[in-house]
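Heads up: the sequence shown runs through residues 1 to 155, numbered per my numbering.
Please keep in mind that the hints were generated in silico from the structure rather than gathered at the bench.
The model shown is predicted, which means the values in this text are computed figures rather than measured ones.
Where hints are given, some of them may not hold.
Label-pair distances were calculated between CB atoms; the ranges are [as the list claims (entries may be wrong)]:
{"no.": "1", "residue 1": "78", "residue 2": "110", "range": "32 to 42 Å"}
{"no.": "2", "residue 1": "136", "residue 2": "93", "range": "11 to 21 Å"}
{"no.": "3", "residue 1": "83", "residue 2": "113", "range": "12 to 22 Å"}
{"no.": "4", "residue 1": "126", "residue 2": "47", "range": "14 to 24 Å"}
{"no.": "5", "residue 1": "125", "residue 2": "90", "range": "12 to 22 Å"}
{"no.": "6", "residue 1": "90", "residue 2": "124", "range": "13 to 23 Å"}
{"no.": "7", "residue 1": "60", "residue 2": "108", "range": "24 to 34 Å"}
{"no.": "8", "residue 1": "98", "residue 2": "136", "range": "15 to 25 Å"}
{"no.": "9", "residue 1": "107", "residue 2": "152", "range": "26 to 36 Å"}
{"no.": "10", "residue 1": "36", "residue 2": "107", "range": "29 to 39 Å"}
{"no.": "11", "residue 1": "30", "residue 2": "154", "range": "12 to 22 Å"}
Glycine included, each C-beta is placed from N, C-alpha and C at the ideal position.
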Amino acid sequence: MIPKFLVAGIAGVASTLVFGSAGSAHHGVTGRYDGASPLLISGSVEAATFAPPHPVLTVRVDGAGRVDAQTGRPEEYFGAVIVPEAMVGNSHEIELSPVSMFYRLSEVLEPGDRITLVALRNCLPPHQLRSTWVRLESGEVRSYEGDWAPVVETC
1 MIPKFLVAGI
11 AGVASTLVFG
21 SAGSAHHGVT
31 GRYDGASPLL
41 ISGSVEAATF
51 APPHPVLTVR
61 VDGAGRVDAQ
71 TGRPEEYFGA
81 VIVPEAMVGN
91 SHEIELSPVS
101 MFYRLSEVLE
111 PGDRITLVAL
121 RNCLPPHQLR
131 STWVRLESGE
141 VRSYEGDWAP
151 VVETC
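My request is simple: use the sequences and hints to build the entire structure.
Encoded structure:
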C-alpha cells in the first residue's frame with residue numbers, strides 16, 4: 001500500500017506538469033505586438049470560442065471595413081490603421097483580451113454576424129493576431145483599455 005501523502009505528492013507534481021506545461025505552451029500574452037501596422041479586419045464571423053485562456057474569433061475577411069476617427073484605439077498604435085488586402089477572402093483567427101467584456105460577446109455574437117476589429121500581429125511566431133477593440137454589426141463598440149500584451153513600434 002502506498003502512503004496517502006505520497007499519492008497526494010505525486011498527484012500534485014503530475015498536476016503541475018500537466019497544467020504548468022499547458023500554461024507555458026499558451027502563446028497569447030507572450031511576445032511583442034506590432035503597433036506600427038494595426039490591421040482593420042472586417043467580415044463575417046465563421047466561428048467563436050469563448051473559453052479560457054481567452055476568446056478567439058474566426059473571421060472571413062471581406063475588406064469592406066472603413067477606417068474613421070472612431071476606429072480602434074489610436075493611442076495604442078504607432079502607425080495608421082490599414083486594410084490588409086492580402087487577408088481579403090481568407091479566414092483568420094483573432095485572439096481577444098481575456099476580460100469579461102469579450103467573454104460576454106458569446107451572448108450577442110453568432111456565426112454569420114458582421115464584425116470589425118483592429119488587430120495587432122505578434123512579432124514572434126506563430127504571429128497570431130490579437131485585438132482589444134471590436135465593433136459589432138449593431139455599431140456597438142467594445143474596447144478594453146488595459147494592456148495585456150506589450151506593443152512595440154516595429155517588429
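Here is what the structure says about each hint:
no.	hint	in the structure
1	78 to 110: 32 to 42 Å	holds, 34 Å
2	136 to 93: 11 to 21 Å	holds, 18 Å
3	83 to 113: 12 to 22 Å	holds, 20 Å
4	126 to 47: 14 to 24 Å	holds, 18 Å
5	125 to 90: 12 to 22 Å	holds, 19 Å
6	90 to 124: 13 to 23 Å	holds, 21 Å
7	60 to 108: 24 to 34 Å	violated, 19 Å
8	98 to 136: 15 to 25 Å	holds, 19 Å
9	107 to 152: 26 to 36 Å	holds, 34 Å
10	36 to 107: 29 to 39 Å	holds, 34 Å
11	30 to 154: 12 to 22 Å	holds, 18 Å
Hint compliance for this structure: hint 7 is the single one not met.
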